[in-house]
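Enquirer: Reassemble the complex: the two chains are provided individually, in unrelated frames, and hints are given to aid placement.
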Amino acid sequence: MSEIPLPQIAKRVAPWWLLRHETMLALILFVALIILGALNNRFLTLDNLLNQGRLTTEVGLIALPMTFIIITGGIDLSVGSIVGLCAILLGYSWKTFGFPLPLAIAFTLVVGATAGFFNGVGITRLRVPPLIMTIATLALYRGLAEGISQARSVRGYPEWFYFIGQSDLFGVPAQLWLLLIAIVVAGIALDRTTFGRTLYAIGNNETAARFSGLPVDRAKLIIYTLSGLMAGLSAVVLVSRVTTTRSDMGIGYELDVIATVVLGGTSIFGGVGTIWGTVVGLAMIQLLKNGLALTGVKGDATIVVIGTVLILSTLVASLLQRRRGV
Amino acid sequence: MANDQALRETAAPPRLSVYNIEKSFPGVNALTGVSFNVAKGEVHALLGENGAGKSTLIKIVSGVFPPDRGEVIVDGKPVNLARPDDARRAGIATIYQELLLFPELTVAENVFMGHAPRAGLGRLDWRAMREKTRHLLAALEIHDLHADRVVGSLSVGNRQRVEILRALSQDARILIMDEPTAALTEYDVTRLFDIVRKLKARGVAVIYISHRLDEIFAIADRVTVLRDGAHIATKRVADTAAAELVQLMVGRKIESLFPKITLPIGGPVLEVKDLERRPLTKRISLTVRAGEIVGLAGLVGSGRSELAQTIFGVTPAEGGEIKIRGQAVYIRSPAQARTLGIAYVPEDRGTQGLVRPMTVRENFSLAALGKVAFGGFIDRAAERKLASDGVKCFAVKTSSLEQIAGKLSGGNQQKIVLGKWLANKPKLLILDEPTRGIDVGAKAEIHRLMGELAAQGLAILMISSELPEVLGMSDRVLVMREGRIVAEFLREDATQETVGAAMMGSHESAEKVA
Chain A
1 MSEIPLPQIA
11 KRVAPWWLLR
21 HETMLALILF
31 VALIILGALN
41 NRFLTLDNLL
51 NQGRLTTEVG
61 LIALPMTFII
71 ITGGIDLSVG
81 SIVGLCAILL
91 GYSWKTFGFP
101 LPLAIAFTLV
111 VGATAGFFNG
121 VGITRLRVPP
131 LIMTIATLAL
141 YRGLAEGISQ
151 ARSVRGYPEW
161 FYFIGQSDLF
171 GVPAQLWLLL
181 IAIVVAGIAL
191 DRTTFGRTLY
201 AIGNNETAAR
211 FSGLPVDRAK
221 LIIYTLSGLM
231 AGLSAVVLVS
241 RVTTTRSDMG
251 IGYELDVIAT
261 VVLGGTSIFG
271 GVGTIWGTVV
281 GLAMIQLLKN
291 GLALTGVKGD
301 ATIVVIGTVL
311 ILSTLVASLL
321 QRRRGV
Chain B
1001 MANDQALRET
1011 AAPPRLSVYN
1021 IEKSFPGVNA
1031 LTGVSFNVAK
1041 GEVHALLGEN
1051 GAGKSTLIKI
1061 VSGVFPPDRG
1071 EVIVDGKPVN
1081 LARPDDARRA
1091 GIATIYQELL
1101 LFPELTVAEN
1111 VFMGHAPRAG
1121 LGRLDWRAMR
1131 EKTRHLLAAL
1141 EIHDLHADRV
1151 VGSLSVGNRQ
1161 RVEILRALSQ
1171 DARILIMDEP
1181 TAALTEYDVT
1191 RLFDIVRKLK
1201 ARGVAVIYIS
1211 HRLDEIFAIA
1221 DRVTVLRDGA
1231 HIATKRVADT
1241 AAAELVQLMV
1251 GRKIESLFPK
1261 ITLPIGGPVL
1271 EVKDLERRPL
1281 TKRISLTVRA
1291 GEIVGLAGLV
1301 GSGRSELAQT
1311 IFGVTPAEGG
1321 EIKIRGQAVY
1331 IRSPAQARTL
1341 GIAYVPEDRG
1351 TQGLVRPMTV
1361 RENFSLAALG
1371 KVAFGGFIDR
1381 AAERKLASDG
1391 VKCFAVKTSS
1401 LEQIAGKLSG
1411 GNQQKIVLGK
1421 WLANKPKLLI
1431 LDEPTRGIDV
1441 GAKAEIHRLM
1451 GELAAQGLAI
1461 LMISSELPEV
1471 LGMSDRVLVM
1481 REGRIVAEFL
1491 REDATQETVG
1501 AAMMGSHESA
1511 EKVA
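These protein sequence lines map, in sequence, to chains A and B. Okay, so the first sequence: first residue is 1 according to the numbering used here, each after it adds one. Okay, so the second sequence: first residue is 1001 according to the numbering used here, each after it adds one.
It should be emphasised that the hints constitute simulated quantities derived from the structure, not laboratory data. Be aware that a few hints might be false.
[Said to hold, decoys possible] Some chain B residues judged to face chain A by a derived CB distance under 8 Å, without partners named:
1) V1314
2) L1354
3) E1362
Using N, Cα and C, we set each Cβ at its ideal position, and we do this for glycine too.
So that you can see chain B by itself, here it is in the shape it has in the complex (with noise of 0.2 Å):
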């Protein structure tokens, strides 16, 4: 294999090497076999589908929990990671994809938290807190972010680079990003990359994980792709294409990533006129039909998500009209708009879309209640039915119906809250975010889901901040910003520059509002 070649490469001892680990939980398999390795400065991207093990390698190389077999070696010598405690002496750290801060504390106290300073008689030392942390943001050339700032404040983006400069205080040598770019805006993720150059430059190993391959490309010296489990090849970024790492990653080849099929459209489903909901729903109007994908683009923040949970019920409108199928309605909670056909399937996955600990099947039944149970009571065949159906027709990863839903992997979790709604037979799905954080398989399988979903008449409202696949997908993309919808674009008109331009707010697009 590749594999062998890979770790001969680079003479020095690596910064960090991981040989033949293995791990299984009950009844699963999580690694089998794997071995890589971080040279100094060196950015390492793990690629592979959810559920291919990069969290379990993960967790392993930061001491969560021991490997069954294998070794982990830093700088030539084995270590034993029993607990984060030790890793953390051991020179890694690792950025989670939740940040793990005290949002009531300020920048220092968080970076210092655990290792402060200590001035005598056990006290803090303030000053040497204050002054260390104002040499790390000097060395990362961060010049907006003050040591004082409590943390709650700042944004993502800021709060990102708080968890680094943590890192860095307590000498990290080896640095692991999970997915650190899922919840940045595209200026803070080029900040990112910034900051991630200057490490590599002092000599940090990152271990990089992403599922977006533009960022490996632009920012990854190697890249390891693990598929159930398996070590499946490391290759230099600069060897390779994306092409190829996809159909590594997914061990087939993927057609296409937005199979769009035209298809005759049908009468408005949804018609809105100027919908209000204060602060971020203004003067709203737009119409989807039967059969239409129709996009939402916009900026984090614009009023996308407020926007669909306002026509969903949850904060109900203050003004303006809705219309079902030509009915004017008044929707004041989602039990209501579900009775009127509208589903949502939204962003937050793990907060709002699905019950986490309880199973595929209680999950896959929970908007569909009144389909299994006559009288109040749930019949249970039909209910197992209805979630094996479920799970058939969505293809998704499950161990049994009584699996707890929350440990299955994140594409599959998004089936779920797909395929929960679809039990409804809805007649508008309104999708916020659907492939957010999920695999490129699961994906393509989503996307050709919403292509059969419009083909069988369905009107759908796809909210996405990724401009690929809103560009990829609907039949017309509607662009918001601050709570407005700024620009409307036809399929064939609709481009990266025009409808970015549009989210930015440049003048050029202002005028195309009609």
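Bound conformation, chain A alone (with noise of 0.2 Å):
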């Protein structure tokens, strides 16, 4: 009787898709929305929901690279410090080294760029842990910005400028058209591309990775210097918006945005995730503050909801595993 093989499909309870971290995690979010929508009708307004991802895109642009971090099973704590950097080398180079704005944005970006490069490089050639290395650099990159800002912030930037974080385009906030592209092609790039397998493969098994002859050292160079690219955009979003550069911009940002990637269902142990996922994360966490700050709720209140919700998400997350059995 054992001879025969027996047919291979399982009886599932739910279908796949149901099952999922990502899928779960959108219909809790769309029930958090009706009731909330339920107990405030300001909340579920098209204007409030533009104004929450218009607020949520600095945050946004770098979950995505974050996304790929987490999933070769690393983590980049040094973003909020490169923000920090940025906005202010941002505002020093215009004022002070006289440079166009437009050349002190690119210069800005690549400041970004260079500062996650250089966590890549600590992380792959020196092989220092992600985790000690980006403690390190987000010591020491806020330590940068608050030696060159002297504590003296830079405003007065010319008009146009202010295009990217306060006004709409075909009736929606400029930079949220920026976090819709780099989502695009970051999902694009994380499911059909090699670079996304091999990301996936390094956070599975980072020695078959290497021996399998795929890039790892050159993909995490990639990653991290992605984020810190993506930290300069935000940055750049970020001054456009507050209109503003203090030194102190940034901080605690490292946390917003593991919060959102971990819970939009990317494993912290790697080799698990989807932008989607992240998505999904960054519209709950924002949401979620939004609507209880708009319900009556004190702030404190909002944050320890929101560390509940994170909790929740990850015992769903393992009870599923359980379930696949991995």
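Expert: Quick look at the structure:
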């Protein structure tokens, strides 16, 4: 009897896509939206939702490369400090060096990428664990930012610069277009390219990835550089939105970004995760914050709720994993 | 079936008997009504191909998961083994292939981890712990292992002894050993057998799992063969022969274990001259030609894998020369080695060869992503085709291309690792222990494949610790010792004795080095 091969497809309790972390999260998000919308009539308005998109773009831009990094089993804690450093250098190079603003923006992006590249070199060449390397540069880049700024802020940018952070394009906040394009590019890169496959292979088994001839070090160098670059871009958007530069900009961003990515179902141990999940995670955190604030929940309580949601989603994820028997 | 007769053979209630065990996982029936028993002081071997259900059976007996149906009976009393702790209390101890020890702690601490003797107020009684460890060591006549040694500094063989001591310290009356010799040297195997015999004398029932038939004949009293989750036969070892066991196991006759075909040999594919990479690659020179299988023999630690990994660019050479098809190259990374047409099937399938949590499809395309991608974008249809061709060509037993690769049996995993490299159409194939820990059927298949690949003009360098395999498959045999090549034999001159002597480094062979 046992010699006859059994039908190989097991009966499932639910279709696979329903059991996915991202889908569960999207469902929870949907329910939360309806509840918060019912509690407050200003919440579920197009204006409010678009405005929330505007506010979350800076974190979202960094969350995309962070998804890549966490999928490889790494981490980048220095992103908040890179935002601060880049913001300062944007103002400094424009005001003090007298760079024309477009050049200053380009310079800022180069600085961000360089800061990320430096992380990548430490991690791939010197084999410093990502946690240690980026904790060191978290301090280093913030220190540089404070040293350069000398606690002075820069304001008074030309009017056109505020377009990025404050205006609408086809009825949607300008920076949200930037984020949408970045999401699509990152999503395709992760899901469809050899680069994306390499990231998953690294996260699941770095040695085997290396032994299979995959460019492990190059891929890591790219994602950390990308992380710095996006932090630089995020700094530009942030400065444009708030019209000023200060050295304490971006403090704590790393935690928001990592919470977003992990809430979106990316495993902190590497190997698992999607851009789609990160996007849902991003929406979830921002809309919860906003919805709770509108409903009259105080700021401290909001953080407690978000922490709870993070723990619950992790629980759900591990339950799902056990079910799949991984 | 012979089964029932074997069950009745022992008059007293057997120490352990399992009766009609059934277990199924989603999509697979892992066990379909398996029964067998072990008497006091008996060594009972479990034999079967990978995926036959041995591991499932063991996990049930050691309480890792419960059976769907059936009973486990210890000393005539049914026991409920819901958790590993229940098994421990029933006197069942299991020694897994991966030893579960704490490398930073001492032998005594490891032995008594979790059940250390106490000295009032919950303090540990260190004196008693050491004393008891010494008693256990003495009981097994182990004189070269000290209770205060840190486990991390011990050899694999000694670590295994620590696990055995640990089992005894818990008064285990049933000891399950899962492929205990897989990572042992020959000397350690002999010592392990001594210990197993002593355990027998103490009345411990031993369930012994191994792929190596010679071991079963050396140590076991009875043997139970499983195939596809079903009990096939239980035999007295004295009444059976290797050929019969293989046939029971595989369910068909295996014509020959080493189907060696002699082929015309072409020009040199790999030429290595004075290759250096300290500490274990010292002035190595060798040549592998198209269509030739060169066996690389040597003891564990003689530097064979290190040599392979230097050629493959994992640890780039510090000196010397590598030529691929006449062209001098300097190989800095596996990626570069791959573009040069070198494939390396590593020794450690689980950590170096396979990305276990990824699917069969993703593993198959891993080393050949360039072949199925255009401008960096993976063509999913092409990838699926590559994988399904591989599955067909290598007869990989998998439920689908989307199956998680780590869930397949060892033999099937090895076929994937081999297959993913062949998708690249390499010129040189380096195989590092290609059949370690896989069953006879899969082994024969891999040997057959090696022959076919050589016939297609591939140059093969095969590292193996199994002498019969080296002698059976190779056109030429190189022997490594302490990082150097110390002997070279043509196929007709290579025998168990000559190669073995060169490996060990006895005098006569040293003179043979040209």
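Enquirer: Confirm or reject each hint.
Expert: Evaluation of the provided hints:
Here the hint on B/V1314 is kept, as its CB sits about 7 Å from the closest CB of chain A, short of 8 Å. A cut of 8 Å between beta carbons decides the hint on B/L1354: the least distance to chain A is about 6 Å, and the hint holds. For B/E1362, the shortest C-beta to C-beta distance to chain A is roughly 7 Å, which falls under 8 Å, so the interface hint holds.
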